[in-house]
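Number of protein chains: 2
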Amino acid sequence: MRLYDGGRAPNPRRVRIFLSEKGISVPVVAVDLGAMEHRSDSYAAINPLRRVPALELDDGTIITESIAICRYFEAIQPEPALFGTDPVEIATIEMWQRRIELHLLAGIQHVFRHLHPGMKEHEVPQVAAWGEANKPRVLEFLAILDQTLADRRFAAGDKYSVADITGVVALDFVRAAKLEVPAEFAHVGRWHAELRARPSAQA
Amino acid sequence: MRLYDGGRAPNPRRVRIFLSEKGISVPVVAVDLGAMEHRSDSYAAINPLRRVPALELDDGTIITESIAICRYFEAIQPEPALFGTDPVEIATIEMWQRRIELHLLAGIQHVFRHLHPGMKEHEVPQVAAWGEANKPRVLEFLAILDQTLADRRFAAGDKYSVADITGVVALDFVRAAKLEVPAEFAHVGRWHAELRARPSAQA
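As they're listed, the protein sequences go chains A and B. Count the first sequence with numbering that gives the first Met the number 0 and you get residues 0 to 202, in order. Count the second sequence with numbering that gives the first Met the number 0 and you get residues 0 to 202, in order.
Just to be clear, a hint being listed does not mean it is correct.
In this list, chains with the same sequence are indistinguishable; a pair is considered to hold if it fits within one copy or across any two.
Here are the simulated lysine-lysine pairs, DSBU-like style, with alpha carbons at most 30 Å apart [as the list claims (entries may be wrong)]: (1) Lys177 <-> Lys134; (2) Lys119 <-> Lys134; (3) Lys119 <-> Lys21; (4) Lys119 <-> Lys158; (5) Lys21 <-> Lys134; (6) Lys177 <-> Lys119.
The hints are simulated quantities; they were obtained by calculation from the structure and are not laboratory data. These figures come from a predicted structure and were not determined experimentally.
Build the full structure now, drawing on both the sequences and the hints.
Right, dumping it as structure tokens:
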């Protein structure tokens, strides 16, 4: 088994944090995103969508999409459970994982990819107006998240889950997008600090 | 239990098809998207993100996000399994569900929301250049999907899954976005026709 990894980009980091929380170690093949290695024809043979990460199993099966890779490891090693165990927990974690991914991480990524000069060759065409349109949406979602975190420790309740992994990756990516989390969102700040203090955040 | 539903919009339809495949019937509360009912303060009390669908359980718990709602029903009634049962199947279905959602359905939705005059009040601001940027991406993904479907019956293999549900909903939404699936993608056409012929596609 080996993991095609992409360094600092948010999605590869989600998988590395997940593996760290599970205590699983997987041989890594570094894919140099700066040198556009993920766009090469040799990498397209692994993932025709030319994105990282990708997991190659011993029989040659390829799994792409960070959350799909995480679910593979959850299925082969259920403990600690990061996707929930009973129906309401499973659904609540999925809900928050998706809300944080679609409304926070994706929003920040749109701002980064469409407004950062360094992304000109990666995001073609860059649409500055779309980058700008995402800024207020990120703030709107942070306000909802902040209210939610007022009375719970983690994104989906009192247990750490994959939703928190997407959360710490998104919030750590804010700076690359030249955004910041307003200080008024104190619950988000407390949550982010707790997630960053876990050993897995170093992954 | 009741399901806040949104008529013809793609996401509510994903849940209705899923329930039909499971043979589960849930009382429905119609939310009138045309009249912007999902943006009302009373609906925001159910889902602060002001989107449909939302599932309210008997104890008042709210589950939003179509796929999270589907996972709730998969957990309480595992058969027929639509998210897979063994690790590779679970991961492969999640991979294709996400690929089809993120690269086909989302792309078509961006085209629709940013270019359709009827969406002016729903997508603020409309960014026409972003709508246009998604057109070639939808075609690129359809080419990859077509190659994949050359040697398998369904999106994730030989079994019908939630990835196919996202697929039929996305392809049925192509017309609303004033796009079309090029006839050269014959495998996509065959797959779409088979999915549409299932009774659940009426949902």
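Quick rundown of the hints versus the structure:
When the C-alpha separation of Lys177 and Lys134 is checked against a cutoff of 30 Å, the pair qualifies both within a copy, at 10 Å, and between copies, at 28 Å. Proximity of Lys119 and Lys134 under a CA criterion of 30 Å is satisfied in both settings, with 19 Å inside one chain copy and 19 Å between copies. For the homomeric pair Lys119 and Lys21, neither the shortest alpha-carbon distance inside one copy (36 Å) nor that between copies (46 Å) is at most 30 Å. Proximity of Lys119 to Lys158 under the C-alpha cut-off of 30 Å is found in neither arrangement, the shortest distances being 40 Å within a copy and 41 Å between copies.
For the homomeric pair Lys21 and Lys134, neither the shortest alpha-carbon distance inside one copy (34 Å) nor that between copies (40 Å) is at most 30 Å. Both within a single protomer and between protomers do Lys177 and Lys119 lie at most 30 Å apart by alpha-carbon distance, with minima of 16 Å and 29 Å respectively.
Of the numbered hints given earlier, the model fails hints 3, 4 and 5; all others are met.
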